[in-house]
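Trainee: So the sequence lines, in the order shown, correspond to chains A and B. With the first letter of the first sequence counted as 1, position 125 gets the number 125 in our numbering; the numbers rise by one all the way through. With the first letter of the second sequence counted as 1, position 164 gets the number 164 in our numbering; the numbers rise by one all the way through.
Treat the hints as calculated values from the structure; they're not laboratory data. Among the hints, a few may not be true.
[What the hints assert, rightly or not] Derived pair list, reagent style SDA-like, types lysine to any residue, alpha-carbon separation capped at 25 Å:
#, chain 1, residue 1, chain 2, residue 2
1, A, Lys2, B, Asn100
2, A, Lys213, B, Glu97
3, B, Lys181, A, Pro211
4, B, Lys210, A, Leu367
5, A, Lys66, A, Arg161
6, B, Lys75, A, Arg161
7, A, Lys2, B, Lys181
8, B, Lys75, A, Lys343
9, A, Lys9, B, Lys134
10, B, Lys71, B, Asn8
11, B, Lys276, A, Arg161
12, A, Lys9, B, Gly78
Residue-level listing of the chains:
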Amino acid sequence: MKQFFAFIKKEFSHVFRDRKTLLMLFGVPVVQIVLFGFALTNEIKNSNIVIVDNAKDMASQQIINKLASTPYFHIKKELLSSSQIDAAFKAGDVKLAIVFPANFYTDLLHANKAQIQVIADASDPNTGNTLTNYVTYIVADYQANLNATIKAPEQITLDTRMLYNPDLKGAPNFVPGVIAMVMLLVCVMMTSISIVREKELGTMEVLLVSPFKPLYVILAKAVPYLVLSLVNLTVILLLSVFALDLPIKGSILLLYGVSTMYIITSLSLGLLVSTGASSQQGAMTLSLVGMMLPTLMLSGYIYPIENMPMILQVLSNAVPAKWFYIIVKAVMLKGLGFSYIWKETLILFGMTIFFLTLSLRNFKIRLE
Amino acid sequence: MSAITLNNITKTYNKGAVLAVDDISFSVEKGELFGLIGPDGAGKTSIFRILTTLLLPDKGSATVVGNDVVKDFHKIRGIVGYMPGRFSLYQDLTVEENLNFFATVFGTTVKENYDQIKDIYVMLEPFKDRRAGKLSGGMKQKLALCCALIHKPEVLFLDEPTTGVDVVSRKEFWEMLARLKAQGITIMVSTSYMDEATLCDRIALILGGKILSLATPEETIKAYPEKLYAVKSSNMHKLLKDIRTNDEILNCYAAGEYIHLSLKNATKENENSLTKFLAEKGESDLVFKETTPTVEDCFIRLLGNTDGNSN
């Protein structure tokens, strides 16, 4: 046991004396949270639009005011005729054009039917879709107000509730994703380098000629990164609660518990890479390409797994991040208890045992 | 009982493409200071790694203190001290941390075995808070030796411990080895410095994975069959070129400030005719004398022979 603690102490010294790596460890999650939280968001704000108002009556003005008062649109220009729209789009920064026909309000009142033309730049289909949806909502909202005063005929209204994320913010989606990714990055990459580094620096040669236990070495390598990852998790959670206004609905203790499980899974995966790789470079590449890509693609964080071809759906089951992503969403956003996530946790546990056994078997007790 | 035995050990790399150790057998007695002398690539490190259980031999068997290097590797790892050719301690740990770490790994403490390393450690003590990577070459060697000694090993394996170390530190290092030997520790050391060979009890001259000669340094020198001469003049370059044109020369090479040479037929007449020959060539300040061979001379001679054989 004394041996084990000596190994752990040594590993901590390695980690804390490598300032650059340490900076990266804590810099990466902060940068990611800030980036995803404020820059790379699916919400579309301040899109430039142009308006052609041929009616210039009460109704058209009210709708334009409504559009202008949302954070989504910025009315760049009011054009005089529809023929200028094309030029405005070609100029580049306009995403949407709205055309009101002449006699808009009169048609609405007397013909009971009026039209608004919405022309969107669909070169980015998502943005085009989202913006037209916004316009539809705003117009529908206006119409609802109008109908409230004017007695309306029978109609069905949709009362939609967006559960767990009523404001359709991006944060609830990406915070669990970032946690899953950062933990993997830290754990797999850092640990994968750690054993290979001893091989490369030659310290393994001396270490091997001693009565050490491979299990101690492997576990001791993981301990500092477990501690660091938990600190990292705290930083991410603090940032998401206080900077992104994303409350943690479920039990914090449970969240830490399952995160620890996931961290251990990632660490054992890193150790497995480390025992197999022959150089730090190779270990880095393997963990970056081999782990980061599947995690990004197959965890359900960026692309919904349900939409994938069958084979990728099956493959995604082997990605630890997928299970963790489900767990974090359940605990953080939905506030669910352990009884809802025990299956996923058990899968992570199983993976850990598998990886650890394999790395122990892979650990070479000799050179070569 | 011998401390180390090797029986027909063969080791190849790259699936047999590179022959590193070629059917070597020898043994080292308990308490002996045994030297493996040879140039880089001779197979010294491979022998060390087989004996320290780091590599498996392709053929043959070897024991260290009666333990088989393949079967009883765990036992061997607990009773030997190993210092690899490359500095292999943790560069980002301090002197003291390295020492404490290795002491703990071997299940002991620095305090418990302090007497074992005291002589060496006192020289390191002023730097005990310095990181190992920031030490000078000589200090690194001392620290590595301390770490290899901290668990009172029965056998010490030192692979080129003095490579890249200054002359004074080298001398100190060999004095330390003499003291360790006096404590009864078996030491196997390799070096490519021939002058260090005479400090060993027995030396094996090794080249191309084969042992060319194995004897005490004195015997090795005594076994030198020809008379050896040392020549020098004011223009050594010209001298060497001129000597090479003489038919009576068996071999000649630069050795320090002299040129060493031997004659095919070392008679007084031939000596005289050679000096005459050189005087005619216009060598000034010519010195010509007989000299006792060193281990280096023995080695060069053996080297020349193997060259001849392989051609």
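Trainee: All the hints need checking, so say for each whether the structure fits it.
Mentor: Verification of the supplied hints:
Our distance criterion of 25 Å between C-alpha atoms is met by A/Lys2 and B/Asn100, whose separation comes to about 12 Å. As the CA atoms of A/Lys213 and B/Glu97 are separated by approximately 20 Å, the hinted pair is consistent with the 25 Å bound. Distance check on the hinted pair: B/Lys181 and A/Pro211 sit about 24 Å apart at the alpha-carbon level, within 25 Å; holds. Between B/Lys210 and A/Leu367, the direct Cα distance comes to roughly 23 Å. Compliance with the 25 Å bound is thereby established for this hinted pair.
Between the alpha carbons of A/Lys66 and A/Arg161 the distance comes to roughly 22 Å, so the proposed pair stays at or under 25 Å and holds. With a C-alpha separation of about 70 Å, the suggested pairing of B/Lys75 with A/Arg161 is violated against the 25 Å cut-off. Pair hint A/Lys2 plus B/Lys181 does not hold up; C-alpha atoms about 31 Å apart against a cutoff of 25 Å. Proximity of B/Lys75 to A/Lys343 is assessed by CA-CA distance (about 45 Å); at most 25 Å being required, the pair is judged violated.
For the hint linking A/Lys9 to B/Lys134, the alpha-carbon distance of about 21 Å falls within 25 Å, and the restraint holds. Proximity of B/Lys71 to B/Asn8 is assessed by CA-CA distance (about 17 Å); at most 25 Å being required, the pair is judged to hold. Note on B/Lys276 and A/Arg161: the hinted pairing is violated, with a Cα-Cα distance of about 115 Å set against a maximum of 25 Å. Distance check on the hinted pair: A/Lys9 and B/Gly78 sit about 22 Å apart at the alpha-carbon level, within 25 Å; holds.
Figure legend: structure checked against the earlier numbered hints; hints not met, in rising order: 6, 7, 8 and 11.
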